[in-house]
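Peer 1: Below, each chain spelled out in residue letters.
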Amino acid sequence: MIFRRRSRGRSNDTSLFALTQAYITLDVRLNARFTGHAATCVKEATGIFNSAVEDVKAFLDASSDISHRVERDRYGYIWFILSMDTIEGVVAAVDAIADTFTEYGFKEQILASVFAFNADKRGRFYLVYNHRSNRFYPFASRDRERDVELEMLIYSILKDELVLEKDRARWYPIWDIPF
Amino acid sequence: MQRYAWKKRDIGITMRLVICFAVLSLLYLIFLSVLAYVGVGMVPLIFLGVFFMMMQYLLSDRIVLWSTGAKIVSEHEYPRLHAIVDRLVARAGLPKPRVAVMHTDVPNAFATGKGRRSSVVAVTTGLMRILNDEELEGVIAHELAHIKNRDVLAITLASIFSTIAWYVMHYGWYGAYGYRSRDQAGGLILAIIIAAITWFVSFLMIRAISRYREYIADRDGALLTGKPSKLASALMKISGMMSRIPSRDLREVEAMNAFFIIPALSGDTFSRLFSTHPPVEERIRRLMEMEASMH
Numbered sequence: 000m001i002f003r004r005r006s007r008g009r010s011n012d013t014s015l016f017a018l019t020q021a022y023i024t025l026d027v028r029l030n031a032r033f034t035g036h037a038a039t040c041v042k043e044a045t046g047i048f049n050s051a052v053e054d055v056k057a058f059l060d061a062s063s064d065i066s067h068r069v070e071r072d073r074y075g076y077i078w079f080i081l082s083m084d085t086i087e088g089v090v091a092a093v094d095a096i097a098d099t100f101t102e103y104g105f106k107e108q109i110l111a112s113v114f115a116f117n118a119d120k121r122g123r124f125y126l127v128y129n130h131r132s133n134r135f136y137p138f139a140s141r142d143r144e145r146d147v148e149l150e151m152l153i154y155s156i157l158k159d160e161l162v163l164e165k166d167r168a169r170w171y172p173i174w175d176i177p178f
Numbered sequence: 000m001q002r003y004a005w006k007k008r009d010i011g012i013t014m015r016l017v018i019c020f021a022v023l024s025l026l027y028l029i030f031l032s033v034l035a036y037v038g039v040g041m042v043p044l045i046f047l048g049v050f051f052m053m054m055q056y057l058l059s060d061r062i063v064l065w066s067t068g069a070k071i072v073s074e075h076e077y078p079r080l081h082a083i084v085d086r087l088v089a090r091a092g093l094p095k096p097r098v099a100v101m102h103t104d105v106p107n108a109f110a111t112g113k114g115r116r117s118s119v120v121a122v123t124t125g126l127m128r129i130l131n132d133e134e135l136e137g138v139i140a141h142e143l144a145h146i147k148n149r150d151v152l153a154i155t156l157a158s159i160f161s162t163i164a165w166y167v168m169h170y171g172w173y174g175a176y177g178y179r180s181r182d183q184a185g186g187l188i189l190a191i192i193i194a195a196i197t198w199f200v201s202f203l204m205i206r207a208i209s210r211y212r213e214y215i216a217d218r219d220g221a222l223l224t225g226k227p228s229k230l231a232s233a234l235m236k237i238s239g240m241m242s243r244i245p246s247r248d249l250r251e252v253e254a255m256n257a258f259f260i261i262p263a264l265s266g267d268t269f270s271r272l273f274s275t276h277p278p279v280e281e282r283i284r285r286l287m288e289m290e291a292s293m294h
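In the order they appear, the protein sequences are chains A and B.
Using numbering that gives the first Met the number 0, the letters of the first sequence map in sequence onto residues 0 to 178.
Using numbering that gives the first Met the number 0, the letters of the second sequence map in sequence onto residues 0 to 294.
One should not assume that every hint holds.
[What the hints assert, rightly or not] List of simulated lysine-lysine pairs, DSS-like, C-alpha gap at most 25 Å:
1) A:K165 to B:K113
2) B:K113 to B:K147
3) A:K120 to A:K106
4) B:K236 to A:K158
FYI, nobody ran anything at the bench for these hints, they're computed from the structure.
Input sequences plus hints: build the corresponding full structure.
Peer 2: Below you can see the structure in the form of structure tokens.
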């Protein structure tokens with residue numbers, strides 16, 4: 000197996016893996032379901048970075064239960080877009096991707112991981128995970144206008160279950176998420 | 000420039016009200032302490048004090064309208080505003096208050112009046128411009144909740160109690176020291192200083208009560224519309240918080256290390272002490288929690 004298991008436990012894992020519980024709350028209280036799609040977005044670099052990308056691709060290819068595609072955007076970011084039935088599997092895969100880049104020394108290059116949800120009536124929204132602060136924040140938009148109300152509602156619902164970014168000034172949008 | 004404009008002028012409107020009532024209260028406290036010094040008995044003084052309070056209460060809507068420059072408007076002039084008020088009072092089972100408008104870009108609103116029957120709800124033209132119908136409904140429901148809860152009466156009662164407390168302290172002081180034997184001019188100055196201190200403390204207490212009733216009005220207003228998040232979003236717009244939500248893409252700002260910028264702390268306890276309203280952030284948090292509990 001090319002993908003490297005991490006050698007030591009890290010405390011920030013728990014804040015990401017809390018999503019595997021929190022999604023139930025979203026389902027119960029907001030009628031929102033995980034779409035099965037998530038992505039990790041990494042700033043492209045050169046040299047050894049390509050080896051990290053190859054490692055990740057090899058790992059994803061080897062994982063039969065995950066379908067994936069890789070896209071590059073106009074900002075110079077590479078998106079590993081994952082599709083999988085269970086949120087547990089997606090979270091584990093996202094963590095593995097982040098670990099691989101971290102082990103190659105590219106932790107700073109990881110922009111965020113994004114998890115897509117669909118809420119009844121209110122439509123699509125995303126939970127954005129910042130791998131540096133280990134915090135989530137919600138992002139919802141309609142026609143390039145942010146749906147602040149929905150974002151704040153998600154915040155109120157999840158604040159006891161996930162480590163969330165409290166400062167709304169840091170809830171940067173990611174427009175045109177490719178899934 | 001535009002972003003901060005609301006702050007200065009918003010303080011202007013609130014300050015006008017606060018200063019107006021503060022000066023009034025201070026004036027009659029000084030007047031009463033002069034009377035007390037001249038030798039008017041305790042019982043007539045209390046009657047006079049209560050009389051002043053009642054006058055201030057009875058005239059409160061006129062004082063408020065006068066000091067804020069709000070004008071009563073007809074259904075003809077502001078149909079949208081009147082329609083929202085009509086809908087809400089029908090649901091709340093309240094008599095319809097008079098509706099007033101202030102011509103200013105500062106988004107703001109207030110309610111005043113002696114009781115449920117003779118109330119005024121006033122909004123600024125700026126408020127109507129920036130809020131959509133549902134948000135405006137949220138704000139007006141909040142003001143109607145003030146009327147329904149008789150908050151003007153509550154604050155007036157609190158003022159009367161603080162006046163009585165002032166008298167107790169006033170006479171307690173003289174009882175202890177026997178002011179007749181003291182230097183006359185010095186006694187008068189001392190009386191006024193004590194009056195001012197007592198007034199100041201009660202002023203802070205009334206602010207605190209007012210802040211508490213603000214939360215209640217948020218809650219009751221939200222119960223009336225059934226949409227707490229609309230009032231929350233109105234509060235965000237009014238406070239200018241909406242403009243602090245970033246619209247630039249994370250990937251664009253990442254170059255500037257967006258996640259490492261530590262924002263300047265804002266708001267201190269000193270200004271909170273004087274404020275009649277609780278921090279907007281806290282009000283929004285409570286409203287959104289209410290919204291979340293409905294899901």
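Peer 1: Any hints from earlier that this structure breaks? Give me their numbers in increasing order, please.
Peer 2: 1, 3
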